[in-house]
Amino acid sequence: MSNLQTARRGSYAGAFAGLMLRDLRVLRRELGPFIVRIIMQPLLFLFVFTYVLPHIGQANTIGGADFATVLLPGLMAVAIMFSGISAVALPLSQEFGITREIDDRVMSPLPVPFVAIEKVCFSALQSTLAALLVMPLAIYIPTNPVHVHVASWPMLAATLLLSSLVAGALGLTIGANVKPQQIGLVFSIVVVPITFLGCVYYPWAALTRVRWLQLAVLVNPIVYMSEGLRAALTPNVPHMYSGVILLALLISLLVLGWIGIRGFLRRVIS
Amino acid sequence: MPIVEIAGLTKVYDQQKVAAVDGIDLTVERGELFGLLGPNGAGKTTTIGICTTRILPTSGRVTIAGVDVVAQPAQARRNIGVVPQYNTLDRSLTIFENLYFHCRYFGFSNAESRERAGALLKQFLLHERAKSYPSQLSGGLQQRVQIARAIAHRPAVLFLDEPSAGLDPQSRIAMWDAVRRLREEGITVVLTTHYMEEADALCDRLVIIDHGKALALDTPDRLKTTLGASTVVELDLRHCENLAPLSEKLGAIPQIASVETTASGLRLFAHGTDGLLPEIVRAAQDYGVRDLSIDEPTLETVFIRLTGRDLRE
Ligand SMILES: Nc1ncnc2c1ncn2[C@@H]1O[C@H](COP(=O)(O)OP(=O)(O)O)[C@@H](O)[C@H]1O
Ligand SMILES: [Mg+2]
Chain C
1 MSNLQTARRG
11 SYAGAFAGLM
21 LRDLRVLRRE
31 LGPFIVRIIM
41 QPLLFLFVFT
51 YVLPHIGQAN
61 TIGGADFATV
71 LLPGLMAVAI
81 MFSGISAVAL
91 PLSQEFGITR
101 EIDDRVMSPL
111 PVPFVAIEKV
121 CFSALQSTLA
131 ALLVMPLAIY
141 IPTNPVHVHV
151 ASWPMLAATL
161 LLSSLVAGAL
171 GLTIGANVKP
181 QQIGLVFSIV
191 VVPITFLGCV
201 YYPWAALTRV
211 RWLQLAVLVN
221 PIVYMSEGLR
231 AALTPNVPHM
241 YSGVILLALL
251 ISLLVLGWIG
261 IRGFLRRVIS
Chain F
1001 MPIVEIAGLT
1011 KVYDQQKVAA
1021 VDGIDLTVER
1031 GELFGLLGPN
1041 GAGKTTTIGI
1051 CTTRILPTSG
1061 RVTIAGVDVV
1071 AQPAQARRNI
1081 GVVPQYNTLD
1091 RSLTIFENLY
1101 FHCRYFGFSN
1111 AESRERAGAL
1121 LKQFLLHERA
1131 KSYPSQLSGG
1141 LQQRVQIARA
1151 IAHRPAVLFL
1161 DEPSAGLDPQ
1171 SRIAMWDAVR
1181 RLREEGITVV
1191 LTTHYMEEAD
1201 ALCDRLVIID
1211 HGKALALDTP
1221 DRLKTTLGAS
1231 TVVELDLRHC
1241 ENLAPLSEKL
1251 GAIPQIASVE
1261 TTASGLRLFA
1271 HGTDGLLPEI
1281 VRAAQDYGVR
1291 DLSIDEPTLE
1301 TVFIRLTGRD
1311 LRE
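Protein sequence lines correspond, in order, to chains C and F.
Take the first sequence: its position 224, counted from the start at 1, is 224 in this note's numbering, and no numbers get skipped.
All you need for this note's numbering is the position in the second sequence, starting with 1, plus 1000.
Only chain C is shown next, with the shape it has when bound in the complex (with noise of 0.2 angstroms):
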């Protein structure tokens, strides 16, 4: 019996590591538009924000003088939000609503949740990436000095990990929930407000002024995603506590996790 579930858990892990061969086969063919993607909004948004801005003397009409050091773990957030959402929730929308393309996948000698599973994993790599690439953007293009030190790297590399298993697993809510022709629309009215209510652009302690609204955002991920990063590369600036962003990031992780599954599930099996 030992012996059996041995080797199925093998078997389990060659098909798991099949599905994630077969995604970063995919994203190496699409690297360039993929890398494009990424870096082209928050590089507009610092060009502007942070170096036209300062430039011709509106600097201290927007966040203040740091400004950008405020910016950097915001729109790493933004980024590995986005990457999340466009590594799983498009993709999966389309081929459920059209192209039934993961039927096969779905067909693999693997328990249906890890091919849900997968994709959250896959997409947090594709996040992990984004932010990396945003980081060197967001420390040289600010006119104003960057204020960066990795305050602690466990925190750090647990606030990229589980922030990056966030997005994804809200892709794969997304994916599995949404028709392909309403995915504009939840777009609209889901992804941008979070993004632009996640605390990218101010930290949350600022907020303090606008109570109701700085009570609202707390059931909205992205906020912890920015002040994980806050905290593990920009302590400087105020923060929330370590224990209650990863906290929050693995309640997230788990509610979102469980909604994407179980719509995944109904959608493969009827």
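The reader is advised that the hints may include incorrect statements.
[Stated by the list, open to error] Reference listing, derived: stretches of chain F covered by chain C, where coverage requires no fewer than 3 residues with Cβ under 8 angstroms from a Cβ of chain C: (1) 1069-1078; (2) 1091-1100; (3) 1104-1114.
[Claimed, not checked] Derived SDA-like pairs (lysine to any residue); straight-line CA-CA distance at most 25 angstroms: (4) C:Lys179 x F:Arg1091; (5) F:Lys1131 x C:Leu24; (6) F:Lys1131 x C:Met20; (7) F:Lys1213 x C:Ser270.
[Stated by the list, open to error] A few chain F positions that, by computed beta-carbon distances, are all more than 12 angstroms from chain C: (8) Leu1026; (9) Gly1139; (10) Asp1210; (11) His1239; (12) Asp1295.
Calculated from the structure, these hints are not laboratory results.
Here the structure is a predicted model, which means the values were calculated and not measured.
By construction, the Cβ of each residue, glycine as well, lies at the ideal position given by its N, Cα and C atoms.
Assemble the complex: chain C is given as a structure, and chain F with the ligands must be docked to it using the hints.
The following block gives chain F with the ligands in isolation, referenced to the frame of chain C:
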């Protein structure tokens, strides 16, 4: 031991009152080419879906090579190859990669997967298209790739759901050849179809399904000979009123097994036609024989006999 065992299988979809599959029992032997024949909506796809772990049965049990598909779906999938009704080729991968990664999903090593994918490309005459993407291939070729991919991990049973739907006649013949060759290799094939010619030409045994129920199960030949009649004679009459006496008279002829009334006359089910036709014409003289056609038995007639309906309706 049978390779596919289906016992008391039923499926009632949510929000539907009638069962899509309604108590099907059947077994498929190793090496067989087995068919599910029935009109649209008969429950063929649902049955295949349950066998291939994609649909959960409401009750009943299916085992593939002894593995229960509900209790151990992942394990069961090792023994299953599927070509679904719709095209599920991975559009982001080339033909070679479709085969290669399918092997990887089943735990083949890099070298094994390359070798297997290469061998399949040769076997299915696809090697010139190895680097093409699915969208660059014709429907017939994509279908061939799907079959090659479905057997890449050497499953014990290959399920084909309406494999010739949407294929032109030439591709259909090519597909039949491919399926026959698989059977020669020892793969058990279970296919669904609503083309009786296809069921007749391909299957060792078949089950006729309608409204989720199995109506008859046998070899095509035995279905044709045992189900009441071997030859169908359509009798078109000018005067179709008061047919009962004629019907009785014809029914009394020993060669005629049974008689049915149709819109334009009578339909006779007969054993052979030797000497029969003059007798029929003589008997029907008063009704004005407009036309008389003889159909050698087909699965179509078997289906009509079983359900009173045409398979194409
Ligand atoms: N996912 C589903 N939800 C509800 N009803 C379904 C679903 N799939 C099939 N059906 C119904 O079940 C019956 C059998 O369908 P199906 O198995 O697809 O038949 P076939 O493949 O023989 O054409 C039909 O009446 C069909 O409308
Ligand atoms: Mg069908």
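Against the structure, the hints:
no.	hint	result
1	1069-1078	holds (count 5)
2	1091-1100	holds (count 5)
3	1104-1114	holds (count 4)
4	C:Lys179 x F:Arg1091	holds, 19 angstroms
5	F:Lys1131 x C:Leu24	holds, 18 angstroms
6	F:Lys1131 x C:Met20	holds, 21 angstroms
7	F:Lys1213 x C:Ser270	holds, 20 angstroms
8	Leu1026	holds, 22 angstroms
9	Gly1139	holds, 15 angstroms
10	Asp1210	holds, 22 angstroms
11	His1239	holds, 54 angstroms
12	Asp1295	holds, 40 angstroms
Going down the numbered hints, you'll see the structure goes against none, and every one checks out.
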